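Could you put together the complete structure from these sequences and hints?
Keeping their order, the protein sequence lines are chains G and V. Quick note: the first sequence, position 16, residue 19 per our numbering, numbers continuous. Quick note: the second sequence, position 1, residue 280 per our numbering, numbers continuous.
Some hints here could point you the wrong way.
[Claimed, not checked] To give an idea of the interface, some chain V residues facing chain G are shown, with a C-beta separation under 8 Å as derived from the structure:
1. Y289
2. P298
3. S376
4. N506
5. L508
Don't read these hints as lab results, they were simulated from the structure. Just so you know, these numbers come straight off a predicted model, no measurement behind them. Every residue, glycine too, gets a C-beta built ideally from N, C-alpha and C.
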Amino acid sequence: MTDRHLLSGTEPDLARDAGHPEPPPRVGFFTDTSVCIGCKACEVACKEWNAIPQDGLSLTGMSYDNTQGLGASTWRHVAFIEQQKPQVPAPDGRTRLPLVEAESDPSDGAGGELRWLMSSDVCKHCTHAACLDVCPTGSLFRTEFGTVVVQEDICNGCGYCVPACPYGVIEQRPSDGRAFKCTMCYDRLGAGQEPACAKACPTESIQFGPLDELRERAALRVDQLHAAGVDDARLYGHEPDDGVGGDGAFFLLLDKPEVYGLPPNPVVTTRDLPTMWKHAGAAALSLAGGLAVSFALPALLGEKRKGTR
Amino acid sequence: MVPHTEFESYYGRPVIKAPSWAARDIAGYFFLGGLAGAGSVLAAGAQLTGRPRTATAMKVSSLAAVSLSAAALVHDLGVPSRFPNMLRVLKPTSPMSVGSWLLAGYGPAAGAAAVTAVSGRLPRVGAAATATAALLGPAVASYTAVLASDTAVPAWHGAHRELPYLFAASATAAASGMALLLGPTHESAPARCAAALAVGAEEVATRAAERRLGMVAETYRQGRAGNLLRAARLLTATGATTGLLLGHRSRPAAVVGGLALLAGSACTRFGTFAAGVASAEDPKYTVAPQRAAANSSDEAAS
Ligand code: SF4
Ligand code: SF4
Ligand code: SF4
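Right, dumping it as structure tokens:
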């Protein structure tokens, strides 16, 4: 009972606490970026299935990434990170291709070899979702699958969810002001189908399923990679006791989260809401008190002046 | 000197999305809400202590301010017909929802207080409305700080303990400025005193916030935010000093002081708003503090 209205921390019974009496198991995504080939099938499948408008054409010069980031009309985004990594071990006996004009001696492998990191980003469907907490209309809601969805007909375009999201996911569409983001294909889930992006992913970089299962699978995969000498492999967003209570979409990354544009240690802002209201209450009282003093002081000084006269 | 901070990011792109709110609407709303809320308290005080002209003037000013602030909110939505969705639910986790209900209670009270004062009719209703507006006013003036800080915006969320006091002080400065401007000089002693208190409180709150924010505090000192907040300090200090020294005998001095206080309060709100936007747009302010927190919790764990 006590953890029913927790604003942060672990939350084992998410859908039931949100008012779904007989929820199915919580589902989510495990995105294994180590096998992503950057084909963008997920971006396209998402656009197609959800009939999302185009965002215009732009050439950014950021590696192969012209999509730039998640937004109102981009619910999947594949990041391309071009890195010079000195510590990539040079495999014995392999022919080395001069991908860039090598300033380094390829035999020691220390000067930096080009590598690409690719990662398909999506709404995290946070256990403690700031977007949902701050929405004044109730248009953002928790589904029976434990995911977070916006109802277009109720959203009034106040824009509060946008700066509240610690991952910079949800955004207002400039043409109509309302907020949009990934629904984890709520319509497909209801029909027993997996989301369009996961379905379209040719390498199974995007894995969909019950979150508990995915977490087990992810732990195995990260061990496997460590055993193979990929020391940089790490899981991101899987811990149920992190700042957002664990993500419904979590990732296996090959570098620090900020390299992929992800916040290193996000916290749901509503964790601090009781403190904020407390200080706002005290501030309101001090405003009233300050003005009361301002009326009392001249009266007292006036009295004194009269008294001494 | 702020130490150089190392951080990595995805091609320098922001991590969080900056608020899409128009500064004129939302920072304007913060200012007007503060002016209205603190003004209602001042009006009630003036009425109780036999300062009728100030009381009426402040009631009218509060009604005007709250009407304009509601208009700013609706304008920011773009489509006015969507506004009623605000009152679909009452959600304590959403400061915007709480604020909408607060305004729904405060607005009519401020309106009734002003109308009865000007028309001189229904004095009992007027007294009740004045009291209600004065009770809700401080909440209207300070809840907007929670509205701003309940976001992932580093400069706002990081200052969530201090921002309510800054907003309350700034609201007091605005209301006392309005009282100096509109009220007769022989009634303005409380307003002059309140302005002086507000300037002091604002200074203390700002310093405390900057200390807690660490490197993020530079968003309050640089660029547009820095200019606005420096102007705010200068204006409020000028306003309070002019009011305090000359406000009791010179009508022009009272007007100048009052205008400076109002402008100062507006600059505080627009400056705070600009600092938030700047802190959201540069990934440094999201990544560096979070990286430091992650590293220190890793160290604690190992
Ligand atoms: S990632 Fe952002 S938009 Fe998605 S659920 Fe979490 S807070 Fe909401
Ligand atoms: S923009 Fe829409 S979804 Fe976002 S907080 Fe406002 S009403 Fe809710
Ligand atoms: S789950 Fe559906 S809505 Fe979400 S990114 Fe994948 S395809 Fe798009």
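- Message: Please list, smallest to largest, the hint numbers that this structure does not respect.
- Response: 4 and 5
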